[in-house]
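Asker: Given the structure of chain A, go ahead and fit chain B onto it with the hints provided.
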Amino acid sequence: MSVLTLDQTSRWYGNVVAVNGISMTVRPGITGLLGPNGAGKTTLIAMMSGFLAPSAGTVTLDGTAVWRNTSVYRSIGLVPEREVSFGYLTGRQFVLANAELHGLPDPGAATERVLEVVEMTEPAARRIGTYSKGMRQRVKLASALVHDPAVLLLDEPFNGVDPRQRLHLMALLRRMGAEGRTVLFSSHILEEVEQVARQIEVVVSGRHAASGEFGEIRRLMTDRPVQYVVVADDDRALAARLIADPSVVAVSLRPEGGIAVSVADFGSFAVRLPRVAREHGIRVLELAPPTTRSRACSRTWWGLTR
Amino acid sequence: MFSYLVGADPVNRTLFRLSVQAVAGRRRGLVLLVIPLALLVLALVVRGLTDGDTGLDATVGLGLSLALPLVALLASTAVLGPEVDDGSIVYLLSKPVSRYVIGVSKYAAAWLATMLLGALPLAGVGLVLDPSEPRRALALGIGVRWPARCTRRSSSGWPR
Chain A
0 MSVLTLDQTS RWYGNVVAVN GISMTVRPGI TGLLGPNGAG KTTLIAMMSG FLAPSAGTVT
60 LDGTAVWRNT SVYRSIGLVP EREVSFGYLT GRQFVLANAE LHGLPDPGAA TERVLEVVEM
120 TEPAARRIGT YSKGMRQRVK LASALVHDPA VLLLDEPFNG VDPRQRLHLM ALLRRMGAEG
180 RTVLFSSHIL EEVEQVARQI EVVVSGRHAA SGEFGEIRRL MTDRPVQYVV VADDDRALAA
240 RLIADPSVVA VSLRPEGGIA VSVADFGSFA VRLPRVAREH GIRVLELAPP TTRSRACSRT
300 WWGLTR
Chain B
0 MFSYLVGADP VNRTLFRLSV QAVAGRRRGL VLLVIPLALL VLALVVRGLT DGDTGLDATV
60 GLGLSLALPL VALLASTAVL GPEVDDGSIV YLLSKPVSRY VIGVSKYAAA WLATMLLGAL
120 PLAGVGLVLD PSEPRRALAL GIGVRWPARC TRRSSSGWPR
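Quick mapping for you: the protein sequence lines, in order, are chains A and B.
Per numbering that gives the first Met the number 0, the first sequence runs over residues 0 to 305.
Per numbering that gives the first Met the number 0, the second sequence runs over residues 0 to 159.
With the rest of the complex left out, here is chain A (with noise of 0.2 Å):
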């Protein structure tokens, strides 16, 4: 049982501040670092690996610091965004070389029973250089793991994984978090957060932005509304149904076309929209969701640094 703290911790790069001021405790269990590209999360995960020092506050495991201290990875297992660049290992060469620079007892027997967790058993001949991206991910996955880390820490880890590779990938980590390990992941998408981490500590701008239960974090990026624009065949009958439901905030009439709709709550909105339509005969052409870009998506990251 490992706990990760984080005190006051900031780290700036010149004038610019990455991270700031940011305190936060990790417990066993899996923690989902959750924030808009940007934000400060690989930066805070390279502190809370010791490979960047704080420019202010401490970070520690158990009480340790980990910044100069190579000895703390004999606990950490670090899953880095980079490539494993090693394209000339094949995936066990690589896995059993981790092994050993851990300095384990028995390296091949650790290499074989990891390859195993990741079911990286077969394709582990191959080199890496021949891998997909999630097969990729899995052997970085596998060697983070050989020590059998009390900690462990990845970064980004769904990034470009196709769905079933990340059900997998999903699968794996609550199992590390069901056996009392400490797992901490950064994401910058909710959805995916939500379905593994049951603690989520959002991050925005280098500050700490909120930090709870995934409900909570649900809700409070939630009910801020949320613009959609819907285009139906009669938009103003349309808008006219919509208004009188209560995940509705606001209806305007669009000049060029179409109707802009703003949701409170996307669930029950996403039910009702095709009801309503259904039951006054009305045809709806088109749905556009609020892009990444767009203002109502910003504001729902900075809602919550307020």
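Derived from the structure by calculation, the hints contain no laboratory data.
For glycine and all other residues, C-beta sits at the position ideal for the given N, C-alpha and C.
One thing to keep in mind: the hints can contain errors.
[To be verified] Restraint ranges, calculated between C-beta atoms of paired labels, are given here: (1) B:L29 <-> A:R197: 45 to 55 Å; (2) A:E190 <-> B:T76: 40 to 50 Å; (3) A:V270 <-> B:T76: 56 to 66 Å; (4) B:R98 <-> A:N36: 29 to 39 Å; (5) B:I141 <-> A:A55: 48 to 58 Å; (6) A:G102 <-> B:L29: 28 to 38 Å; (7) A:A64 <-> B:G80: 23 to 33 Å; (8) B:G80 <-> A:G179: 34 to 44 Å; (9) B:V10 <-> A:A170: 39 to 49 Å; (10) A:S131 <-> B:R98: 27 to 37 Å; (11) A:A52 <-> B:P95: 14 to 24 Å; (12) B:R98 <-> A:A55: 20 to 30 Å; (13) A:T120 <-> B:L48: 52 to 62 Å; (14) B:V33 <-> A:G179: 53 to 63 Å.
Answerer: Here is chain B on its own, set in the frame of chain A:
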């Protein structure tokens, strides 16, 4: 401060093996092989076409001032460069191994490659061009061996 030097093996076998694979396992390995081969071929050609010491002077001079530094450069960038550039050195650094050992192990691999592919061929050149004096050939090979810095100084006037 240097307590970690005492008792511990400064070269980690795994790291050394990985570094050797980094040198040999990529296309770079082939280039590294081509340089000493070219030097030896040149020595053979020179031997066929010239008499006296001029050929030896010129070929060894070329070997010392061009082939050897090139091999050393290629070998040392192969063991460290790509990993630092693409950040995958993180996989080596996140281990309970002192950073000093990581550095020394990589240095050892680059040194070995430079000796085998840079210094040894120079001795070969000496043998090819002047078989009557194997001791000079040996000196050519060994002369550049310790310390590596000598290669620079001796490139103008290598020891006879």
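Asker: The structure should be examined with respect to each hint, and the outcome stated for every one.
Answerer: Comparing the hints with the structure gives:
| no. | hint | in the structure |
| --- | --- | --- |
| 1 | B:L29 <-> A:R197: 45 to 55 Å | 52 Å, holds |
| 2 | A:E190 <-> B:T76: 40 to 50 Å | 43 Å, holds |
| 3 | A:V270 <-> B:T76: 56 to 66 Å | 60 Å, holds |
| 4 | B:R98 <-> A:N36: 29 to 39 Å | 31 Å, holds |
| 5 | B:I141 <-> A:A55: 48 to 58 Å | 54 Å, holds |
| 6 | A:G102 <-> B:L29: 28 to 38 Å | 34 Å, holds |
| 7 | A:A64 <-> B:G80: 23 to 33 Å | 31 Å, holds |
| 8 | B:G80 <-> A:G179: 34 to 44 Å | 40 Å, holds |
| 9 | B:V10 <-> A:A170: 39 to 49 Å | 41 Å, holds |
| 10 | A:S131 <-> B:R98: 27 to 37 Å | 33 Å, holds |
| 11 | A:A52 <-> B:P95: 14 to 24 Å | 19 Å, holds |
| 12 | B:R98 <-> A:A55: 20 to 30 Å | 24 Å, holds |
| 13 | A:T120 <-> B:L48: 52 to 62 Å | 59 Å, holds |
| 14 | B:V33 <-> A:G179: 53 to 63 Å | 55 Å, holds |
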